[in-house]
Structure formats: structure tokens, C-alpha cells
Amino acid sequence: MSEQLEDLGKARADLVGIIKDLDTKMQHIFAAAFDDTKREFEKIFPVLFPGGTGSISLTEPENLLETGVEVAVRPVGKRIERMSLLSGGERSLAAVALLIAIFKARPSPFYVLDEVEAALDDANLGRLLDVIDGLRTSSQLIIVTHQKRTMEIADALYGVSMRQDGMSQVVGQKLEKAK
1 MSEQLEDLGK ARADLVGIIK DLDTKMQHIF AAAFDDTKRE FEKIFPVLFP
51 GGTGSISLTE PENLLETGVE VAVRPVGKRI ERMSLLSGGE RSLAAVALLI
101 AIFKARPSPF YVLDEVEAAL DDANLGRLLD VIDGLRTSSQ LIIVTHQKRT
151 MEIADALYGV SMRQDGMSQV VGQKLEKAK
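Residue 25 in this note's numbering is what sits at position 25 of the sequence shown, and the numbering runs on without skipping anything.
Check each hint, because a few of them may be wrong.
Straight-line alpha carbon distances no greater than 30 Å define the calculated DSBU-like cross-link-like pairs of lysine-lysine that follow [claimed, not checked]:
1) 10 to 38
2) 38 to 20
3) 20 to 43
4) 10 to 43
5) 78 to 25
6) 43 to 148
7) 104 to 78
8) 10 to 78
9) 104 to 10
10) 38 to 78
11) 148 to 174
12) 104 to 25
13) 78 to 20
Source of the hints: derived by calculation from the structure; they are not laboratory data.
Owing to the predicted nature of the structure, the values given are computational and were not obtained by experimental measurement.
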């Protein structure tokens, strides 16, 4: 019985050591990813909000395993202290700026975006489409949208149509770029 108890004690010590090693590795990986995302957010925000500034920070920088991320934005000409005071389009664009910063900090082969531009006016949509077009060089994008301007930059369009017999049918069309 004492041998089994000793084995359990060793197993527990081994597990505690593994957990500490994993915690340390996760903290280093998170810190590096956060720093890269912060740098990208500070670059992309002024592109989407000309003249504005944006930054992200940690709520508990001394405790990386339980910290939160705070987003601070200041569109040009506004003294905003809280995100809730932004318009719906501005909040949406700020959220997309953070997503794109994450995409650029840790690239992936493809992304799926669903109606991310729905709340944007024409000027903001144009800036976002320029940024999205830049993402196409390194990743494929699948964008669910009803916006004509977003569809115009696509390489292919897919939709669902109702046939005469009442059945749904997927319709696809590859597009050629104008020269």
C-alpha cells in the first residue's frame, strides 16, 4: 500500500511538473501572439479609420493565463472612452480591424467571414474591401454577403436559387477580372 501511495505521489508530482511546463509554454506563445496582434492592430486601425488610433492591452498583464484583452479606439475627431459610444458601423469596423490584425499576426490558409460588412457605409466598406483584397495575397477568403461591392471583388460567386419545382439549387459562377 505504501508503494502504491509513493507511486501516486510521484505521478502527481510528474503531472504538476508537466502542467507547469505547459503553462509556461502557453504564456510564451500567448505573449508572442498578443504582441504580434497588437502591432498589426496598430497598423490596420488607421487604414480603416483614417486619422484615428487604436490599441489593445491586457487587463492583467502579470497573469497571462487569465487575462482579458481590452480594445481602445479613437476615431478621428471623437473623444470616445467606451466602445459602446461608437456607432454600430464603427463598432463593427473596429471588431473587423481586430480580426484582421489576428489574421495578419497568425496567418491561416483560409478565412470565412459572414456579413462582416453589413453595418458599414460606402466609405468604410471601400476601405475594408481594400484591406480584404490585401489578405487575398496570402489566404483564401470565403465571404457570406449581400453587398454588391463585396461580390464585385470576388473570384467566384456561389448562391442558392429556387428552381421551378420548388427545390433549392446551388449556383456557382467563376468570374474573370476586367483587364
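Evaluation of the provided hints:
1. 10 to 38: violated (42 Å)
2. 38 to 20: holds (26 Å)
3. 20 to 43: Given pair residue 20, residue 43 is violated - Cα atoms ~35 Å apart, limit 30 Å.
4. 10 to 43: Violated, at about 50 Å.
5. 78 to 25: Not OK: residue 78 and residue 25 at ~40 Å, beyond 30 Å, violated.
6. 43 to 148: holds (28 Å)
7. 104 to 78: holds (27 Å)
8. 10 to 78: violated (60 Å)
9. 104 to 10: Not OK: residue 104 and residue 10 at ~44 Å, beyond 30 Å, violated.
10. 38 to 78: holds (22 Å)
11. 148 to 174: holds (16 Å)
12. 104 to 25: holds (22 Å)
13. 78 to 20: violated (45 Å)
Going through the hint list in order, the structure does not satisfy hints 1, 3, 4, 5, 8, 9 and 13.
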